[in-house]
Amino acid sequence: MTVTESGTGGAGGSAGGGVPGGGADSLDAAPARPPRAGLPQVARYAALTVAAVATGFPFYAMMVIALKPPTAVIELPGSLWPWPLTLETLETALAGGEIARWALNSVIYSVGSMVIIVVLSSLAGYAFAKKRFVGRDAIFWSIIAMMMIPYHLTLVPLFILVSQAGGINSYWGLIVPTLANVHALFLMRQFIMGIPDEMIDAARVDGAGELRIYWSLVLPLVRPIVATVGLFMFLWHWNDFLWPLVVGQSEQMRTLTVGVAGLRQQETLLPLEMAGVALAFLPIMAVYLVAQRHFLQAAMMSGMKG
Amino acid sequence: MSGHTDTSPRVDPPPGPEPQSSGARRAASRAGVLLRRREARIAYAFILPYVTLFLIFRVVPAVGSVALSFADYSLAGQFSWVGLDHYERLGGDPLFVEALRVTAVYTVIAVPLVVVGSLVMALLIRRPSRGTKVFRSIFFLPVMTSLVFAGVIWRWIYSDNGALNAMLEGIGLSSVPWLSNELLVLPVLASVATWARFGFDMLIFLAALMSVPVELEEAARVDGASWWQVFRYVVLPHLRPALFFVVVIETVHSFQVFDVIYVMTAGGPVRSSSTLVFMLYQRGFEYFEFGYAAAIGVVLFAITLVVAIVQGRFFGRSRT
Amino acid sequence: MRRTTMAAGALAMALPLAACGSDSGSASGDGEISGTVTMWTNPIYDENAMREHYQQQAAEFQKEHPDVEVEITVNPWQGAQEQLTAALAAGEGPDVAYLIPDRIPTLASQDLLAPLGDTLGQDRDDFHQSALDAVTYEDEIYAIPVLQSVIPQVYDKRVLDAAGVAEPPTTWDAFLDAAEKVKQAGHYMTEYPGHLEMTLNISFYPWLYQAGGSVYSDDGESVAFNSPEGIEALEYLKTLVDEGYTPKGAISEPSNIEQSEVSRGNVAMVSAEPQRLIELWGAENVLIAPPLENQEQVAYGTVGAYGVLGTSDNTAAAREWVKWISRPEALREFDVESGYFAPRKSLDDLYADDPVLGKVEKLIPTTSTFGPHPAKSVEVMSTLRVEVQAALLGEKSPEEALAAAEEQANRILGGS
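Residue numbers (our numbering), protein chains in the order written: chain X, 1 to 306; chain S, 1 to 320; chain B, 1 to 416.
Among the hints, erroneous ones may be present.
Now the stretches of chain S that chain X is said to cover, found in silico as 3 or more residues with beta-carbon under 8 Å [unchecked claim]:
no., stretch
1, 81-87
2, 93-100
3, 172-186
4, 248-256
5, 271-282
Please keep in mind that the hints were generated in silico from the structure rather than gathered at the bench. Note that beta-carbon positions come from the ideal geometry of N, C-alpha and C, so glycine has one too.
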């Protein structure tokens with residue numbers, strides 16, 4: 001059911017890097033490092049290092065400042081030295097916060113949404129990519145077009161709709177309206193289009209049912225994108241702030257992002273503010289460190305080799 | 001598309017003639033008709049759950065918003081149709097024209113920045129070699145947070161007394177008024193948005209790069225092709241669906257840029273970063289002019305749609 | 001229960017036409033109130049301490065009104081606007097909400113706040129007039145103040161000493177003289193906060209009013225800031241910027257005291273609540289001065305208030321509850337906890353024992369909330385704020401800026 005399981009299933013089939021029946025796949029062996037013509041390695045590493053420093057610096061600054069005393073005056077560059085450090089600010093920020101409850105809500109919201117979105121969007125994406133039916137392109141492009149409506153425009157009408165259906169302060173009211181995710185559908189369809197028709201036809205000739213083709217052929221073939229979509233949907237929901245805030249009116253319904261935002265008083269000192277940001281970020285970072293092998297490996301190593 | 005049997009993902013142009021990709025070679029025999037009907041039924045079943053949810057939770061609110069753009073509405077419940085009044089007002093509103101200009105300039109800066117940036121990063125780390133895992137993880141960090149929160153850090157970095165200016169002064173340069181200069185503010189905001197989003201795009205490109213046959217690249221190199229030729233003629237064709245996706249998504253995102261502005265500049269200095277969605281937000285949530293806000297949103301939607309269709313045409317036509 | 005039939009159609013569902021809630025409680029025949037009162041507030045001070053305060057109040061309230069339940073939610077500041085707007089549109093808003101003055105005219109003009117003048121009754125005499133001005137719209141009171149701030153001129157004694165300025169200046173001219181000395185000593189005289197999210201109440205309006213100007217005409221039908229006084233105020237500020245008496249960055253950057261020049265002991269005077277400055281500079285270096293005087297002597301003080309929303313289905317109980325939490329007994333604890341001052345004259349000695357805050361408290365009579373404001377005051381302020389910023393950044397002359405702002409503002413006030 002979960003992405004993880006379907007991923008594992010696929011992994012079994014493609015353990016040797018073998019995408020079932022891939023066309024020209026004598027190159028299944030994990031790609032050996034190809035010789036790099038052109039860009040010399042030094043330049044490559046220099047570019048990567050510059051980009052990594054620019055990308056990582058805000059996180060470094062956030063963590064270091066969050067680990068300063070709550071009332072520390074931020075001076076540069078002195079405040080960026082990683083000493084002295086204290087957990088005092090994090091503890092202050094945490095005090096009284098119902099982190100466990102918030103985290104549970106976040107998990108329910110993000111994992112629940114992620115799983116269903118992956119299933120719905122891959123089913124629909126497969127149909128849009130590989131099936132012929134009247135109105136296929138009209139429907140698909142209409143859906144994509146709706147992505148171009150600004151979120152703030154539909155927020156209020158959407159909330160009214162959900163409230164009329166009794167969805168306020170409920171998990172379903174939180175999750176269900178986010179399930180028809182356009183990004184996910186778009187990505188799934190784009191990548192499923194890359195599967196050769198012949199493979200699907202062949203499976204059909206072999207007598208495989210439609211669901212079976214979807215489950216045992218299509219999904220494993222697009223594993224990288226299933227993993228990618230799943231990861232993005234998880235992160236997007238985890239970091240979502242406005243919708244959980246608006247739908248979860250009661251304090252019991254708060255997600256981590258909403259709860260942490262509530263810790264900020266009218267005026268908050270920079271270390272405390274950074275501590276709040278860090279508190280919302282650290283759990284996801286932990287999940288990522290544990291799961292990255294799976295997610296990114298899946299994204300990097302298999303499928304889509306044709 | 002005919003004869004296009006290689007395995008690379010394909011993109012068809014947005015609204016086009018009925019596709020007949022693999023169908024042409026199947027004669028329209030009676031069995032074929034039946035098969036096709038069955039195929040359509042199955043397809044409808046596959047898209048049904050998604051489309052149903054989409055209709056209820058996306059289309060209905062959107063239709064409501066469009067209707068709102070033809071009406072005056074107050075939160076207390078007064079509602080009256082005003083026809084095209086809001087649209088006429090938009091035409092004569094210098095703030096709207098300015099917001100339109102700001103949004104366009106922002107998009108022109110931000111989209112190439114993030115698309116090229118993420119593509120270059122993806123190309124640089126696609127092959128496993130020493131350290132790529134670490135780089136990949138670092139590049140992915142911003143995707144894990146939200147600008148609503150991370151904006152605080154960037155505000156501090158770009159402020160007059162912030163980290164960046166301290167660094168510049170440290171190496172003997174003078175500090176730069178990043179957020180107070182009308183010409184600098186949009187590039188600065190675009191850089192922050194790029195930071196937040198390139199990891200996402202990079203991963204899309206990485207997944208797409210998996211479809212590039214390694215031996216084809218090697219063969220091209222053996223034949224003496226330059227890295228640019230390899231990229232242009234071997235790699236790029238395989239990236240087209242991903243590139244199309246990323247360009248469209250980033251364009252849409254730039255047209256709708258809000259968070260980074262809300263957190264960092266509140267539309268300033270003066271009005272130089274007041275984009276359409278920021279204006280929409282002000283009109284709707286601060287001034288409670290929902291009808292007018294809706295009209296802004298509808299116009300923005302129309303513009304985005306036209307641009308996306310042009311992009312679709314471009315990607316469709318230049319397909320190899 | 002309040003579900004409309006699907007037959008009402010997709011359009012009707014999507015349009016914000018949600019019915020108001022059903023009556024879940026109200027005053028019964030003998031005037032005894034019942035039902036549930038929901039209250040939304042924001043972390044004015046520590047979220048948990050605040051919740052505890054109100055739960056305590058609710059418990060006492062229930063002893064008097066056993067049929068009323070009170071539910072308190074402390075929401076984040078962030079997104080509060082979207083949250084309340086969406087809730088109101090859907091008829092799912094609270095009965096009582098915490099309001100800042102800027103929001104009151106917008107809400108009141110759209111019938112989204114219930115009038116509270118009668119609820120307050122004679123008790124209004126105990127409130128500072130400036131506090132009442134902040135919650136008044138078209139001669140009616142729409143929220144009951146629970147806190148008041150005073151934003152005095154706070155001087156950093158170290159900077160004044162370094163510059164050889166013996167006493168904090170009291171007039172605009174003396175302020176400029178001092179500014180030059182402070183500049184010679186390598187510091188800034190002040191830090192003018194011009195960022196677009198900063199309310200003009202703290203930045204431009206005090207100078208405007210000190211110059212003898214005002215934002216609106218007496219009838220509130222048009223703006224009055226494009227006046228000789230307004231131009232004088234803006235030119236004065238422009239001088240502060242051009243002469244380097246105030247850091248340029250602060251004109252367009254989000255202000256954040258602890259990462260600014262202020263925290264480094266580089267600024268002589270800040271218009272700010274002194275509590276944080278005591279932390280940053282040490283109490284011995286904090287000098288509280290009365291507001292500067294040009295034509296008038298006036299400083300800004302903000303107000304926090306609770307209002308009963310027009311969409312409430314239980315206004316009778318909600319009014320009683322708001323009255324309850326703004327009693328002197330309740331405010332004494334609340335205001336000291338939050339570090340603000342009380343809007344009530346009877347509580348004017350909350351900080352009598354505090355050497356710094358006690359001094360600030362004495363300044364309450366010189367504070368103004370620059371109210372009452374007309375319905376579109378938020379939009380007028382946004383417009384003026386942008387033009388003031390343009391003038392200070394040197395993109396327009398003060399005259400041009402105020403004229404442009406006046407033209408737009410009067411269109412806003414007059415039109416649609």
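Inset, instruction - Please name the hints from earlier in the document that this structure breaks, with their numbers sorted from lowest to highest. - result: 1, 2 and 3
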